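Given chain C, put chain Y in place with the hints provided.
Note that the protein sequences, when read in sequence, are chains C and Y. Under the working numbering, the residue at position 189 of the first sequence is numbered 189, and the numbers go up by one with no gaps. Under the working numbering, the residue at position 529 of the second sequence is numbered 529, and the numbers go up by one with no gaps.
Because the hints were derived from the structure by calculation, they are not lab data. None of these values were measured; they are calculated from a predicted model. Treat each hint with caution, since some may be false.
No distinction is drawn between identical chains; accordingly, a pair holds when it is met within one copy or between any pair of copies.
Straight-line alpha carbon distances no greater than 20 Å define the calculated EDC-like cross-link-like pairs of lysine to aspartate or glutamate that follow [stated by the list, open to error]:
{"id": "1", "residue 1": "Lys-563", "residue 2": "Glu-540"}
{"id": "2", "residue 1": "Lys-563", "residue 2": "Glu-531"}
{"id": "3", "residue 1": "Lys-302", "residue 2": "Asp-99"}
{"id": "4", "residue 1": "Lys-189", "residue 2": "Glu-63"}
{"id": "5", "residue 1": "Lys-693", "residue 2": "Glu-96"}
{"id": "6", "residue 1": "Lys-399", "residue 2": "Asp-279"}
{"id": "7", "residue 1": "Lys-69", "residue 2": "Glu-531"}
{"id": "8", "residue 1": "Lys-189", "residue 2": "Glu-754"}
Number of protein chains: 2
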Amino acid sequence: MNRAFVFQKDGYTRTEGELLLNETLFHNANGYFGVRGNFEEGYPPGQATVRGQYVNGFYNFSEMKQPEKHYGFPEQKQTMVNSFDTQTMVLTVEGERVDLFQGEVLEFSRVLDMKKGITIRRFVWESPKGRQVEVCITRMASFEMLPLFTIEYQVTPLNFSGKAWMESVHSGDVSNYFNPKDSRVAGEKITHLRVAEREMTEDGFSLIRSKTLKSGLEIASVTAHLLSEEYTAKSQVGEKEIVQFFEFPLREKVPVTVTKYTVTCDSIRYLDVKGTAADLMRKSLGRPLDYWYQCQEDYLDKFWENAEIEIIGDEELNLSLHYNLYQLLQSVGKDEYCNIGAKGLSGEGYEGHYFWDTEMYIVPFFSLAWPETAKNLLSYRYQILDRARANARVMGYLKGALYPWRTINGDECSGYYPSGSAQYHINGDISYAAVQYYLITGDWDFMVSKGAEILLETARMWYDLGNFYQGSFQLHDLTGPDEYSCVVNNNYYTNLTAKHNLEWAAKIYRRLKAQGQLEDLERRIGIEEEEILGFEEAAEKMLLLYDEVLDINPQDDSFLSKKEWDFSQEAKGNGPIMQWNHLYRLYRYQVCKQADTVLAHMIFEDAQKVSTMKNSFDYYEKRTTHDSSLSRCIFGIMASKLGEKKKAYEYFDFSSKLDILNSQHNTKDGIHTANMGGTYMGIVYGFLGFRVKETGFYFMPSLPEQWERCRLRLQLLGSRLEITVTGTECMFRLIEGTPVRLFVYGREYEVEKELTVPLEEW
Amino acid sequence: MNRAFVFQKDGYTRTEGELLLNETLFHNANGYFGVRGNFEEGYPPGQATVRGQYVNGFYNFSEMKQPEKHYGFPEQKQTMVNSFDTQTMVLTVEGERVDLFQGEVLEFSRVLDMKKGITIRRFVWESPKGRQVEVCITRMASFEMLPLFTIEYQVTPLNFSGKAWMESVHSGDVSNYFNPKDSRVAGEKITHLRVAEREMTEDGFSLIRSKTLKSGLEIASVTAHLLSEEYTAKSQVGEKEIVQFFEFPLREKVPVTVTKYTVTCDSIRYLDVKGTAADLMRKSLGRPLDYWYQCQEDYLDKFWENAEIEIIGDEELNLSLHYNLYQLLQSVGKDEYCNIGAKGLSGEGYEGHYFWDTEMYIVPFFSLAWPETAKNLLSYRYQILDRARANARVMGYLKGALYPWRTINGDECSGYYPSGSAQYHINGDISYAAVQYYLITGDWDFMVSKGAEILLETARMWYDLGNFYQGSFQLHDLTGPDEYSCVVNNNYYTNLTAKHNLEWAAKIYRRLKAQGQLEDLERRIGIEEEEILGFEEAAEKMLLLYDEVLDINPQDDSFLSKKEWDFSQEAKGNGPIMQWNHLYRLYRYQVCKQADTVLAHMIFEDAQKVSTMKNSFDYYEKRTTHDSSLSRCIFGIMASKLGEKKKAYEYFDFSSKLDILNSQHNTKDGIHTANMGGTYMGIVYGFLGFRVKETGFYFMPSLPEQWERCRLRLQLLGSRLEITVTGTECMFRLIEGTPVRLFVYGREYEVEKELTVPLEEW
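Chain C extracted, bound-state conformation (with noise of 0.2 Å):
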């Protein structure tokens, strides 16, 4: 087995810290739900643990009280719901309960297997009585029967033989954390699902179906065990949760096997909820655990075919890419009502809210590695078009759509505007990565009927926003990705992402009206082709702020007269300045929390001069704090495109290991999926120099030194492309498709079968 696909972290320390941030690091999902990494067999009382099952898209409605109403300002949010607990299993060997707390730990290991896509938890354990068992518990989330979690749990008696009893827990009655002392997560317990029904059905299973209290939505959860040896078995049902006892014989050195089955399903997908879960569940036990299994490893066989990576000459840093795309493929929404959270599945951070992170962070490496999950991602937004019309009606549009900053579904969650509702760029990113994703796939068919209304209507919000003032088109009052420079005017990512939608969008509607393919859209949203000169006149007049003197593009219009921060006064704290600074103190300060102007030079290196972006970065790298997990990724990027060659590995090096080594100290609330799409496109964007343009694909490969080689395959207009960078040449092969041109170094090739191009410096 390729080392890269095993994550293992071995010994055991019983730490609280330890333990939450292993609970989001061996989570297990598939896109559709996720589960916690917790301990089956719970821990002690007061220890602090987020135990957790979610199912991606399913909320409940939670206030958001505003210290001053105002019109439009929202007062509920959503938020994904823990929704019940199936992991719960302790298990009791002769009267002793089987619980790491106690006793002793002999040995101890957890292993993420990425090939095979489970994961393992393996202990040795001895008992205060000296009795030694071996556990070895497998799980799985599976991506080939999405509802399907399964755990394998299997116990050897190393010097005993005797009697197991195991009670086997499923549980309605859960809740979301909550933590009164960190004000980061929700400060009291919050009541979010009612159990409407609970029993034990005529096949064995244990059914619980919950509502939501305030958002109308249904779950329904099903288990049922297997087990390998003889066993009695009773259950009991309370109000909220239903506990199966299973009591079977031990004896020393025989494994015994008690395979736990769940499946969910829930009422965003499925119109009967219980009847669905039990007829999945059949469904599931008609079949072989091994035949699961094999289902899973076939998927991701065909998952890594398409998406592997690989990196010579750093093992480290080979497996935490493969951690990180094996998250993202776990994360990631597997149909049109979910998304990908900031957070994955993996815990309760930002509470399963969906951010621009997806466009621009997550969709390059669909589009390119996944290409149908990428469209699944895309058609979210599609999905959500009509609450982000209405979102546009509130702020005060009479035409076109502005998204959401935060959702799930598909209403504002952001309870602070200046950085959230403000980062009006959404609708810019939204576009940007249906471009993008229609130039890399070719996908035709998507931008006709769902990417070409969204780009309209996006772009219709633009132009009601924007003022023609001296000769330019300005934008004010928006925020940028710098969240610590909020509600500015005419920032320049923002105005150039709005440049773009506003180009595309017309782009587009010249191009359906060519084909005669743009009547269905003209009946939809009765757009006019005075709309579209608006539209070309915007983007051909938009301000892009450039200073000559520094030959930088100031961030926004009063950035550069902003006072200096005093980075050796204030970085005294740790964690993010925002934890020990007034937000509006921060504003008046040239600092920013991440890559701002720097991101806009990385997706539009056309836009400004070499000259300009090489002293832009140098300006803007100064004064970044990387305090969001999503700024260090780009700077690693652009320094390649610059070629700072040892700044760009430190760049990559940290934000590849950032959720692997907890470096921002808060995995434990769940991975950073945006930072693991970077981490990705530092390769890709990075180091391959990768860019996709209207007028093809460019290149611009190069290598760190650190590295021996490097190999990566990419679909582009449906054909597959394995990429091999070595310290001196870069090769091309294809794979499968039709020949594909590119721009290696600014000259153009066909890649019919292979391409060689000698590295070149810069």
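Just chain Y now, kept in the frame of chain C:
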């Protein structure tokens, strides 16, 4: 009696709106407490009413949840507490309850007598069974004995004799007004107080002592009754209220009087609230009621002698002016523990908070007419200076003070930063008022003991906040008075007040130093010469925006580049446009809620050319909605200055009658004290063209053609002047004190006894 002192409404209207409005218009207050003008006998169930009794500066904390928690964002606010109910007195005659909502109201009038300082509600009512009674209820909030409130309830049976039964309630079971349907007031009932003690004392007083639930304050109220007729009495002490019953005979056409005394003491001012309240009640009862009535009239005689203002030729306006000044006197705090609320003590709007309204709209009147009170108002700011220092630390300033935008106890209560805490100009406003007070009164002692420290500490904040950039000193990310353009750079008003603040801090420092009076201050705040040099440089280089093309001062650095507001489209709704537009949409337009640059021009008329002020007036007038009650009075004053006599009169007329006519449809929530001060300024700063500068007192008198004559009195440097303007001349008469030097139309005079200057046109 001078008609101008009697505000009267005849006839009875049962509509909810009218009743609520009159509760405000006829409230009784003395600066220490306020009692809404509710009907003693109450209303039918379900009838909206704000039944309240408030003590100035007496508050509880209530929660102000932030939808997203951020460092330094306040999460609790102070709320002026409805403290108890001693208004309730229900009369029953021969078994029929006197209730205006049944039977027939034959006569009805309400009177506010501003010479006597009382309100009278008089009615003749016929019961369903035909019994007629005349009731006359006189209420007084004593200026002489601040804790004392009296209700003299006189009943005369007109066509019968029999028995009467008075039920007099003293309740601690009260709460603040709430209305789930109205987003501008509390949406739910919040319990602020807990009754700690209630008893009938040996003296026959009812006593209730309550504690606030969160702020740790205490309040005691005591009631006592005197009857003009023999009676039998009993009392009933409940958990939270005490009811006293008085039975007495009625003889046809013979009036009987029940006088109810209330004495209130709170723990901010009194150590032993209960003992003190009982003592003061004994003291109150130790004199006949007529004694207190006489004290009230004496107090008001003195007040009117100083504050008198008279307009001959417009009776309604004359009355409304008197009404406004009387309300200011009723509302204004009489000690340094409180100030003057935006709604005075007349209602719960803005929760009893104090704003910049005090300094910019109300201190001018008191400085000129009743200077001891102006000093109290400014002393309150000194008393909360420590809280302002603490606030500055939270906002990131190492030195200096930043006053809260809205407060009772000195802590920030603004939950919405952009149009709240961001209005740093409050520092400049307080400093400006302190300097104006000093220049008007010559009260150097105040400057030495309090004013200088305020000036220096606020100046420190400006210096720390601002940035020297390209040769100018700039102030970023602040909000000026106009709350429809928030968190902008170099707001003209803010920069001018900051400049004045810095200049005067330096000036007073140097004066103190020269006079050897600096030592105390140096010890307290450790100010150094080097800081003063910084203040002077910052003041000198302060960026004051000027647009050459338009010859106006732009409101801020991006105002002119914003979109124009479509007044024709948008003014369709009623009330402030912020009620149907997202605030952040408004920020993107050239639309002003209120006077901003025009206010700057009013208070600093020498900072720019007359043509600039003229052009700016025209420019901003077209773009201002006057959604704030603080706007029109300022436009009126500047209209006078610029010779726009017709406009000046219209603005003045509107703002003078704003509450009496309920022009903003929200007087039910309380009077608009700032606008009331603004109407006074409309006369003095508007028609008289009065300005106070370091170089002296300036007048540019004019008279609206609608008036025959205008007469008023001012105190300047301790001397009292009477000024009379007719259609042709302006007469200055020295009533008391040393001769006064002043400028009229730019020419200098000394008023030794009398001075007459012919009016000029410009």
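Where does the structure disagree with the numbered hints, that is, which hint numbers, in rising order? The structure conflicts with hints 3, 5, 6, 7 and 8, although it agrees with all the remaining ones.
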